[in-house]
Amino acid sequence: MDQRNAPIHEALKKHRSDRIVHFDVPGHKGGRGNKELTDFLGEKCLQVDVNSMKPVDNLNHPVSVIKDAQQLAAEAFGANRCFFIVNGTTAAVQAMVLSACKAGEKILMPRNVHISAINALILSGAIPVYIDPGINNRLGIALGMSIADIKKGMDEHPDARAILVNNPTYYGICSNLKEIVELAHSRGMLVLVDEAHGTHFYFGDNLPVSAMKAGADMASISMHKTGGSLTQSSLLLCGKNVNSDYVRQIIGLTQTTSASYLLLSSLDLARKNLSLNGREIFSKTVDYAEYARREINSLGGYYAFSRELVDFDCIYDFDLTKLSVNTREIGLAGVEVYDILRDDYGIQVEFGDLGNILAIVSAGDRAMEIERLVSALYEIKRLYGKESAKMFDLNYINPSVVYTPQKAFYSDKKNISLKDSKGRVSGEFVMAYPPGIPVLAPGERITGEIIDYIAYAKDKGSLLMGPQDMKLENILVVEG
Amino acid sequence: MDLWFTEYYTKNARFSIKVDKPVISLESEFQRIDVFDSYAFGRILVLDGYLMLTEKDEFIYHEMMTHIPMAVNPSIHDILVIGAGDGGVVRELTKYDSIKRIDMVEIDKLVVDVCREYLPQTACRLDDPRVHIYYEDGLKFVRGKYNEYDLIIVDSTDPFGPGEDLFTREFYGNCYKALNETGIMVNQHESPYYPNDALVMQKAHKRIKSVFPIARIYQAHIPTYPSGHWLFGFASKGFDPIANLNPNWDTLGLKTRYYNTELHKGCFALPSYVRELMENA
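Residue numbers (numbering that gives the first Met the number 0), protein chains in the order written: chain A, 0 to 479; chain B, 0 to 280.
Certain hints may be false.
Below 20 Å or equal to it, Euclidean Cα-Cα: the simulated SDA-like pairs (lysine to any residue) are [unchecked claim]:
hint	chain 1	residue 1	chain 2	residue 2
1	A	Lys12	A	Asp48
2	B	Lys144	A	Met367
3	B	Lys176	A	Arg15
Stretch by stretch, here's where chain A covers chain B in the computed footprint (C-beta under 8 Å, at least three residues) [unchecked claim]:
hint	region
4	114-121
5	152-166
Derived by calculation from the structure, the hints in this document are not laboratory data.
Just so it is clear, CB atoms sit at the ideal spot from N, CA and C, and this is done for glycine as well.
The task is simple: from the sequences and hints, build the whole structure.
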C-alpha cells in the first residue's frame with residue numbers, strides 16, 4: 000500500500016458495486032427514499048452515504064480501511080499519527096487543547112486565536128496565558144508572535160503545559176515555528192499548531208515550514224480549505240511526543256459516532272491527490288497568486304502585500320498563496336470592495352474587513368478567473384475610488400485573567416451597562432473586527448482602558464462580535 | 000456511411016448536419032477544434048462541440064457584426080476585435096479603406112492557424128497590413144487600454160468555456176474605458192429563444208446597460224445558430240444606431256449579401272417577447 004492508494008475510496012467503490020441490500024441506516028437507502036435530494040446531489044453521491052459497517056470500517060474504532068487511510072495520511076504529512084476529523088477543524092483544535100491541558104493547567108496562546116481555541120478552554124478548564132500577536136497598523140491586521148514575547152511568557156509561566164500557535168494566520172502571516180518548538184521543548188511544553196490555513200505547507204515548494212517539519216507535537220489541518228476535501232473535513236496530526244491513543248479518546252468525547260463517508264472519502268482522495276500532485280498544484284497556485292499580486296499592485300491604490308512585510312519578528316514568513324489586498328488607498332473599506340465584487344461583478348471573495356479583502360486562490364482557478372478579479376478591482380477603483388481613508392490605530396491590551404474561561408462561562412451572570420462595568424469580570428466574549436483580536440474573553444477584568452477601546456473601535460466602524468447584546472451597550476459580568 | 004454532426008440546443012432539442020468527411024480535429028490548450036466538410040453547409044468549424052460557422056451562412060453573422068457600426072460612424076479608424084479567430088469579422092472590416100488599424104485579440108492561436116489553413120473563405124484577410132493579431136486573453140488586453148478605439152467588436156464564443164469572461168460586467172466596463180468619447184461596442188448577444196441562451200442574453204444586456212448610456216439590440220436570421228434567431232448588441236457613448244445612420248453608406252459601393260441600409264433600420268425592431276425579456280433583464 001502506498002500513496003497511490005485511497006483505501007476508504009476503494010472500499011466504498013467495491014461496496015457500491017456489491018449492491019448490498021440495506022436494512023441499516025441511513026434511511027434514504029442509497030437515495031431511493033428521497034428523490035428530490037438524489038436528483039439534486041446525484042445518485043452516485045447518495046449511494047456512498049452509508050453507515051459504518053465491516054467493509055468500510057468505523058472512525059471511532061478504526062481497524063481496517065480507515066486505519067490504513069489515516070496511516071497513509073500520517074506518512075504524507077510527516078506525522079507519527081493522523082486522525083480524520085469530520086466535525087470541522089474546530090473539533091481538531093479542541094482535541095489538541097483538551098489533550099494537552101487538564102483543568103487548572105496553563106496554556107500559552109496568541110491573543111488572536113480562533114474562537115474554537117477559546118471555546119476549548121471553556122470545555123477543558125485550562126488557564127490561558129495570552130501573548131501579544133503584534134498589529135500592523137497600516138494594514139489593520141494582527142500578526143504572529145515574536146520570540147521575545149514568547150520567551151517572556153514562558154519565563155513568567157514556566158508551569159505552562161503547552162503553547163498554541165496559529166500558523167499561518169488567515170492573512171498568511173507566519174511565526175518562527177522552529178524556534179518556538181525549540182523553546183517550548185526545552186521547557187517541557189507541547190507545541191500545538193492551528194494550521195487550518197496551512198495544508199499546502201506540506202506539499203508545496205518555497206512555502207513556510209509546516210508544523211510537523213518544524214517538530215510541533217500536534218497540528219490541526221483544514222484539508223477542506225486548501226487541500227481539496229469537502230467542507231467540514233479536517234485532519235489532526237500528532238508527533239511522537241504525544242500519546243495518540245489518549246488523543247483518540249479525547250476526540251471520541253465530542254466527535255459524532257456516525258461519521259460521514261462522503262467526508263472521509265474526500266479526505267482520503269484529497270490526501271492521495273496532494274501526495275501525487277501537490278507540488279505541481281501549489282506551484283500553480285503560487286504562480287496565480289503572484290501574478291494577481293503583480294497585476295493588482297500595478298493598478299495603483301491597491302496594496303496586495305507579500306513577503307516584503309517579513310521582519311523576522313512578528314512576521315517571520317509569509318504564505319505566498321494568500322492573496323490579501325489592502326484597499327484603504329482607494330478610499331474604500333475592504334468590506335465595501337467585498338460587497339461590490341459580489342453584488343455587481345458576481346465575484347465572491349473569502350472576506351472583507353475594514354482595510355482588506357482576502358481572495359483564496361487555488362489550483363481550481365483558471366487564468367480567466369484571476370483576470371476577472373483583477374479587472375473588476377480596476378473597475379471598482381475607476382468607478383468608486385475616492386480619497387484614501389486613513390486606517391485607525393488599535394493597540395494591544397494585555398488582558399487580566401481573573402477566572403478561567405470555564406469558570407466565568409458557567410458562573411451566574413448579570414447584565415449591566417458597559418459604561419458601568421469597570422472593574423467587573425466579563426462573562427462573555429468580545430472581539431473587535433478588525434483587527435480580529437479578542438478584547439475580552441470570559442473571566443477577564445474589564446478595565447477603563449478596555450471600555451475606551453471598545454468606544455473607539457465602535458466609533459471607527461469596527462465590528463464588535465460575540466456579546467449577547469449585539470450593540471454592546473450592555474455586557475454580561477460575573478456575579479459577586 | 001451515415002455520418003452526422005449534432006449539436007444539442009437543449010437536452011431535448013438538437014440540430015444535425017450530415018457530414019461528408021472530417022477534415023481535422025485538434026485539442027488546443029483551451030478547447031477542442033473540429034473542421035468537417037458537410038453537404039448542406041460546406042465546410043464547418045466546431046469548437047468544443049458548438050458550431051461556430053459554416054461556409055454557407057457565415058456571411059450573415061460577419062456582415063451584421065461589422066457593417067452596422069461602420070454605417071453609423073463613417074470616421075471609425077481604430078478598431079479592436081476580440082475573439083474572431085476565424086477571420087470573418089476582419090475580412091468584412093478590411094473592405095473599408097477608411098480603417099487605419101485593426102487590433103485582433105484571440106486567446107487561442109490554434110483556432111487562427113486552423114482557419115488559415117482550412118477556412119480561407121473567412122481567414123483570407125488576416126494578413127492585411129492594418130491587422131495586428133495578439134494571442135492573449137481579451138479581458139486582460141482591454142484592461143491595459145484607455146481611450147484608444149473608435150469601435151470594439153466582441154466576437155466571442157458562448158459564455159461557457161474560454162469566452163466566459165467576455166460576458167462579464169468587468170469586461171464591458173473595461174471596454175468602455177478603452178473606447179474614446181465617440182466609441183461603439185458591438186457584441187454577439189446569443190439567442191432569445193431557448194431558456195438558457197435567453198438568460199445569458201438578459202444578463203449581458205443588463206450589464207451592458209449599466210455601463211453604456213446607449214445599449215440597443217438588433218437581430219439577424221442565421222440558419223445554423225440555435226433557433227436560427229440571433230441577437231447582437233449595439234452599445235455606444237453617444238451614437239444612436241438608427242438616427243445616426245450614415246445616409247451615404249451606399250455610395251461606398253461595398254458588396255454585401257445580407258446587410259443593406261433598409262435592413263439596418265429594420266433589424267432593431269424586435270419581437271415583443273424579446274423586448275419583454277430585455278425589459279425584465
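Structure-based check of each hint:
no. : hint                   : result
1   : A:Lys12 with A:Asp48   : holds, 12 Å
2   : B:Lys144 with A:Met367 : holds, 18 Å
3   : B:Lys176 with A:Arg15  : violated, 56 Å
4   : 114-121                : violated (count 0)
5   : 152-166                : holds (count 3)
Violated hints, in rising order: 3, 4; the structure is consistent with all others.
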